[in-house]
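Could you put the whole structure together from the sequences, leaning on the hints where they help?
Heads up: the sequence lines are chains A and B, in that order. Once you know that position 116 of the first sequence is 104 in the working numbering, the rest is easy, because the numbers rise by one and skip nothing. Once you know that position 126 of the second sequence is 202 in the working numbering, the rest is easy, because the numbers rise by one and skip nothing.
FYI, nobody ran anything at the bench for these hints, they're computed from the structure. Take these hints with a grain of salt, some might be off.
[To be verified] Result set (SDA-like, lysine to any residue): computed pairs, CA atoms no more than 25 angstroms apart in a straight line:
(1) B/Lys263 - A/Glu213
(2) B/Lys263 - A/Thr67
(3) A/Lys175 - B/Gln322
(4) B/Lys263 - A/Ser139
(5) B/Lys263 - A/Gly155
(6) A/Lys117 - A/Pro63
(7) B/Lys263 - B/Asp139
(8) B/Lys263 - A/Ala162
(9) B/Lys263 - A/Val172
(10) A/Lys117 - A/Thr67
(11) A/Lys175 - B/Leu200
(12) B/Lys263 - A/Gly121
(13) A/Lys175 - B/Ser345
(14) B/Lys263 - A/Ser173
(15) A/Lys175 - B/Thr257
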Amino acid sequence: MTAPRTLELLERPSSGKAVVRMTPKGHSPVDLDSAAPATSRRGLIGALSAAGIAGVGALSIARPASAAPPADERPASPTEGDQALLFEAMRAELTAEALYREALDAGLSDVAGELAAVFAENHVTYADKIAGGAGFSADTRNEELFTQFQSSFATDDAQAFAEAAAGLENTLGATHTALLAEYVSVKARKLTASIVVVEARMAVVLTDLGGLASNLDDIFDPQAEALDLTAGAES
Amino acid sequence: MINDSNASASADIALRYRRRDALKLGGLTISATAFLAACGSGRGGDDAPGRVGFAPPIEELEDFPIDDAVLLRTASSLELTAIAVYEAVLDTGLLDGDLTDLVERMIENHQMVADEMSELTESLGGVAWECTNPWYMERTVAPLLAAVLDSDDPLRDIINTAVVLENIAAATHQTLAIELTDAEAAKATLAAAKLESRHSAHIVAVARGADGYVNPLIDGDGDAPLDADGVPYKFSITNRFGATGQVELVAGKPNENGVRQTFIIQTPSLNSWIYNELEPTC
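This is the structure we're talking about:
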């Protein structure tokens, strides 16, 4: 137990009251130094003159801030060229959605059916997002691509579906990757990058569902050719 | 009378001086004010918070530029960090044959991507980075591995760590594919993002089968489903779009209150870029 602290009465004046002593605690932590006061009119004039000279000096050496990194000169929104490519990418996504609906209409069920429903929703969401970003309506699919895959999707067999769908996802992934280098705008790249990574995941899930992989190459390095969408974009 | 006259003259002289001085002073003040006012805008003064006490002055950090080479060097560093983690995992001896094959293959893939990023760095005039990322190693990997090795279920934590690591690597490459100004480098990083997304999805498929295919909360509603130990499940597909936000990983054994450590892992930023000025750490 420690003794209570007592108030130190340093001296007792004749009044009998305690006095308060201002005990220095070392250097004040607050910087109270101020500029030297102008002690005379001459000093004040001198100070004003010095301020004027300093102003001239400051003006002569002032430069705009140039340390900031150079601004990204790429356009934020899709250019005309980007829009043409994005339109084709959007059509491919709508086609993928239609193909998954084909599988569901053919009676695909259980885990495969659940995947088909989720993946159809994914693809129509991508089409909507691309269309919204590029400024057109998501209402046209790629009939040539649809015809190419339609018969293989129109099945209720999980393995056959998985094989067809994994092929489609790998193809779409390769296509988006090829298109990425063609895009000029940040938005086009951003959309593409955020779509393609999920399409890669969808392909892996479908490969697992169908038991399609004989080795890890089939999963990590699938052979898929990109669709040539630039022809459509140029027409 | 004489005294009064002298006093009056002295007062007049003093008054004249005061007026003259006042005119001088006023003129100088007005001219100096006008001059300073003409010196341009932005004269609001320092708006930084005041400094109190004897703290040393704040040392301004160097404002190093972030160019394509920095982004690619950082990509290399993350690939090599992933390899370091997987090698530590292999050293535990906890993985069975299939998982060992998978991890060895992922090490190969990460090395391949690291090499590609190094080549691209040099092609853009930079110096290839061949070390792990010191910031991630110190702040994330070391404490995370310690928690995993001390866990009540190390295999679960190893798998979850691998999934999160691949997700962050994929998210990083996804971001770089947007930020890189060089189109070929952007394409290469997008390919890497795809590959690492495949890693993540496959790890979950191997570990959880069909139950782990798609997060039931893919639209972002609700809380993450938890396993019997209260650890969030991992999924092959978590979001409709590739996410680049921070990732949470629960790992390690519970403390006396039953709470496990949560590690928050983010894609690289100012602290973890491998700037061109950074000397190799290996």
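Under the criterion that the straight-line Cα-Cα distance not exceed 25 angstroms, is the pair B/Lys263, A/Ser139 satisfied?
violated (32 angstroms)
Just to be careful, I want the Cα atoms of A/Lys175 and B/Gln322 compared with a cutoff of 25 angstroms; is the pair within it?
Distance of about 21 angstroms is within 25 angstroms: holds.
Assess, step by step, whether the Cα of B/Lys263 is no farther than 25 angstroms from the Cα of A/Glu213, and give holds or violated.
Given that 25 angstroms is the threshold and the Cα spacing comes to 15 angstroms, the pair holds.
For the pair supplied as a hint, B/Lys263 and A/Val172, confirm whether the alpha-carbon distance does not exceed 25 angstroms.
Holds, because 13 angstroms separates the two Cα atoms, which is no more than 25 angstroms.
For the pair we were handed, B/Lys263 and A/Ser173, check the Cα-Cα distance against 25 angstroms.
The given pair, whose Cα atoms are some 14 angstroms apart, holds under the 25 angstroms limit.
Regarding the pair A/Lys175 and B/Thr257, is the alpha-carbon distance no greater than 25 angstroms?
Given that 25 angstroms is the threshold and the Cα spacing comes to 13 angstroms, the pair holds.
Keeping to a limit of 25 angstroms between CA atoms, is the pair of B/Lys263 and A/Gly155 held or broken?
holds (21 angstroms)
Does A/Gly121 sit within 25 angstroms of B/Lys263, going by the straight-line distance between their CA atoms?
holds (21 angstroms)
Quick one, are A/Lys175 and B/Ser345 close enough, alpha carbons at most 25 angstroms?
Cα-Cα ~21 angstroms, so holds.
Proposed proximity, B/Leu200 with A/Lys175 (alpha carbon, max 25 angstroms):
Roughly 24 angstroms separates the two Cα atoms, so the pair holds.
Does A/Thr67 sit within 25 angstroms of B/Lys263, going by the straight-line distance between their CA atoms?
Given that 25 angstroms is the threshold and the Cα spacing comes to 19 angstroms, the pair holds.
Is B/Lys263 close enough to B/Asp139, meaning Cα to Cα at most 25 angstroms?
violated (28 angstroms)
Going down the numbered hints, you'll see the structure goes against 4, 7, while the others check out.
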